[in-house]
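Trainee: Sequence:
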Amino acid sequence: MKVQKMFLPKMAALLAIFLMVISFNANAQTHKHSSKTKHGAMMKDCCMMKDCCMMKDGKMMVMKDGKTMPMQKDMAMKNGTTCMTNGECKMKDGKTMMMKEGDCMDMSGKMCTDKMKDMPAAMYSCPMHPEVTSAKPGKCPKCGMAMKKKS
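Each residue of the sequence shown is one higher than the one before, counting from 68 in this note's numbering.
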């Protein structure tokens with residue numbers, strides 16, 4: 068009888084711990100978010116969802132895998148165009164142009180203009196690096212922290 072009295076509380080405690088572990092694991096599970104939003108059709112047509120460089124808020128930014136961060140170095144596009152950190156783009160034939168607010172050049176060298184202005188602002192940013200933004204949840208490429216939804 069004494070053994071049963073000691074055994075029952077231990078089993079109840081183990082069962083409670085087991086249930087807590089299962090519930091924490093269930094809450095930690097994440098599901099993949101669709102890249103479609105209520106603006107899905109507009110986003111599909113724009114450079115915004117592709118890897119690109121763009122002029123945003125007077126600064127050259129780089130979009131990589133849906134995350135936006137400041138442009139750290141000059142970038143060479145597939146068609147021979149080079150985009151510089153100051154916003155100047157030098158084409159393969161030697162012509163140059165300055166990117167304006169909202170201009171976007173994808174990695175193939177194709178220019179997109181004014182479409183970015185109609186795009187919603189990024190919904191996620193890094194708590195440690197607020198300049199790193201994303202349209203979808205993920206991890207900051209600089210520090211690995213989870214991107215937090217902007218309020």
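Take these hints with a grain of salt, some might be off.
Each computed DSBU-like pair below joins lysine-lysine, with the alpha-carbon atoms no more than 35 Å apart [claimed, not checked]:
(1) Lys-117 - Lys-206
(2) Lys-217 - Lys-145
(3) Lys-167 - Lys-140
(4) Lys-216 - Lys-167
(5) Lys-77 - Lys-123
(6) Lys-123 - Lys-140
(7) Lys-203 - Lys-126
(8) Lys-209 - Lys-162
(9) Lys-145 - Lys-167
These are computed hints drawn from the structure, not numbers from a lab.
Trainee: Does each hint hold? Answer for all of them.
Mentor: Hints versus structure:
The suggested pairing of Lys-117 with Lys-206 holds, with an alpha-carbon distance near 18 Å, which does not exceed 35 Å. In summary, the hint linking Lys-217 to Lys-145 is supported, as the alpha carbons are separated by about 34 Å, within the 35 Å threshold. Restraint check for Lys-167 and Lys-140: the C-alpha separation of about 18 Å stays at or below 35 Å, so the hint holds. With a C-alpha separation of about 28 Å, the suggested pairing of Lys-216 with Lys-167 holds against the 35 Å cut-off.
The straight-line distance between the Cα atoms of Lys-77 and Lys-123 is roughly 61 Å, outside the 35 Å bound, and the hint therefore fails. With a C-alpha separation of about 16 Å, the suggested pair Lys-123 and Lys-140 falls inside the 35 Å cut-off, and the hint holds. Pair hint Lys-203 plus Lys-126 holds up; C-alpha atoms about 22 Å apart against a cutoff of 35 Å. Between Lys-209 and Lys-162, the direct Cα distance comes to roughly 34 Å. Compliance with the 35 Å bound is thereby established for this hinted pair.
Between Lys-145 and Lys-167 the alpha-carbon distance is near 21 Å, which keeps this suggested pair within the 35 Å criterion.
The structure shown violates just one earlier hint, number 5.
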